[in-house]
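Read top to bottom, the protein sequences are chains A and B. Numbering of the first sequence is given in my numbering, commencing with residue 1 and proceeding in unit increments. Numbering of the second sequence is given in my numbering, commencing with residue 181 and proceeding in unit increments.
Rather than coming from a laboratory, the hints here were simulated on the basis of the structure.
Below are the SDA-like pairs computed for lysine to any residue, each with C-alpha atoms no more than 25 Å apart in a straight line:
| id | chain 1 | residue 1 | chain 2 | residue 2 |
| --- | --- | --- | --- | --- |
| 1 | A | K61 | A | L173 |
| 2 | A | K61 | B | E263 |
| 3 | B | K241 | A | D18 |
| 4 | A | K61 | B | E208 |
| 5 | A | K61 | B | P319 |
| 6 | B | K241 | A | P131 |
| 7 | A | K61 | B | A200 |
| 8 | A | K61 | B | T316 |
| 9 | B | K241 | B | T269 |
| 10 | A | K61 | B | D198 |
Number of protein chains: 2
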Amino acid sequence: MKLEGVVQARKRAARLLDKAHIAITPQEAENIEVSDFGLGDINNLGLLVVIYENNDRYCAKEIVLLPRQICPEHRHPPAGWKEAGKQETFRCRWGEVFLYVPGEPTPNPLAKIPARYKEYFTVWKEVVLRPGDQYTLSPDTLHWFQAGDKGAVLSEFSSTSRDENDIWTDPRLQRLPKID
Amino acid sequence: MKLEGVVQARKRAARLLDKAHIAITPQEAENIEVSDFGLGDINNLGLLVVIYENNDRYCAKEIVLLPRQICPEHRHPPAGWKEAGKQETFRCRWGEVFLYVPGEPTPNPLAKIPARYKEYFTVWKEVVLRPGDQYTLSPDTLHWFQAGDKGAVLSEFSSTSRDENDIWTDPRLQRLPKID
Numbered sequence: 001m002k003l004e005g006v007v008q009a010r011k012r013a014a015r016l017l018d019k020a021h022i023a024i025t026p027q028e029a030e031n032i033e034v035s036d037f038g039l040g041d042i043n044n045l046g047l048l049v050v051i052y053e054n055n056d057r058y059c060a061k062e063i064v065l066l067p068r069q070i071c072p073e074h075r076h077p078p079a080g081w082k083e084a085g086k087q088e089t090f091r092c093r094w095g096e097v098f099l100y101v102p103g104e105p106t107p108n109p110l111a112k113i114p115a116r117y118k119e120y121f122t123v124w125k126e127v128v129l130r131p132g133d134q135y136t137l138s139p140d141t142l143h144w145f146q147a148g149d150k151g152a153v154l155s156e157f158s159s160t161s162r163d164e165n166d167i168w169t170d171p172r173l174q175r176l177p178k179i180d
Numbered sequence: 181m182k183l184e185g186v187v188q189a190r191k192r193a194a195r196l197l198d199k200a201h202i203a204i205t206p207q208e209a210e211n212i213e214v215s216d217f218g219l220g221d222i223n224n225l226g227l228l229v230v231i232y233e234n235n236d237r238y239c240a241k242e243i244v245l246l247p248r249q250i251c252p253e254h255r256h257p258p259a260g261w262k263e264a265g266k267q268e269t270f271r272c273r274w275g276e277v278f279l280y281v282p283g284e285p286t287p288n289p290l291a292k293i294p295a296r297y298k299e300y301f302t303v304w305k306e307v308v309l310r311p312g313d314q315y316t317l318s319p320d321t322l323h324w325f326q327a328g329d330k331g332a333v334l335s336e337f338s339s340t341s342r343d344e345n346d347i348w349t350d351p352r353l354q355r356l357p358k359i360d
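All chains should be built: construct the whole structure from the sequences, respecting the hints.
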């Protein structure tokens with residue numbers, strides 16, 4: 001990604017957090033993690049994250065989603081033989097999130113995926129999260145999500161994040177593409 | 181505690197969460213964990229908690245503090261020989277929190293403790309948390325905190341909570357007194 005695009009995405013994320021009445025420090029605002037997964041289409045596929053804490057026992061993040069932005073399908077595999085894959089709880093703080101997990105596909109799902117990406121979205125059981133709603137995902141479970149029309153803020157509480165281990169259904173995706 | 185007092189405290193907590201723009205479900209509002217530590221003085225010593233998730237890997241809670249309410253001094257010891265004491269990150273979401281940890285006592289601390297409880301407060305290094313500020317506490321470390329004049333909402337991200345293990349400096353305290 002170009003640094004300019006990263007800086008602009010951080011500003012958009014900060015504005016959504018402000019709308020959601022979620023306070024972050026100026027230093028956190030400058031360090032919002034921005035990813036377009038290397039595809040250069042951040043308005044559709046992207047992830048903006050404020051990492052509050054990530055230690056060897058637990059992790060807490062605020063995920064900001066631009067309007068209709070998608071976090072593509074992936075899973076968190078076991079980290080070595082001693083640690084199960086990352087387990088995570090998503091709690092909607094603001095806006096609306098359409099989360100998809102394995103199971104009976106939901107007819108007429110609320111998410112909208114551009115046709116060119118559709119083959120990389122394989123689980124379609126829908127969980128709608130509105131402010132105050134939450135969902136806990138078991139380790140190593142395929143999932144993806146999209147924000148509704150005004151964007152969303154989603155708290156993630158989890159075991160340790162080891163993003164480099166994530167397995168993406170679309171093999172082109174990189175969790176943290178190089179910034180230049 | 182009397183059920184009537186618990187119900188009233190839950191309503192006060194829900195109002196503060198509303199002021200802080202933090203959404204909880206009606207079911208969560210009905211289940212806010214209320215403790216006066218068995219001393220019957222909840223306006224001074226008390227803890228109101230929305231437990232979002234507590235599993236065998238991580239825990240996330242919203243702690244609501246009434247104006248000037250104190251969570252008394254305690255620590256989280258190891259749970260058996262395999263698990264270190266609870267590690268926790270406090271993040272202020274709304275209001276102001278005065279947190280105290282071991283170290284050089286802060287001159288003129290902002291907390292105010294009623295004289296009758298003072299002997300049970302032994303650590304006085306002050307950390308002031310305002311919205312967006314956070315502090316991570318090592319396992320098994322003495323700590324206590326008080327809200328400022330308008331109350332506070334504090335997110336707690338942590339390893340698994342095992343409240344029954346907590347060790348309180350004031351031996352009279354019970355984390356979850358009986359409700360009748």
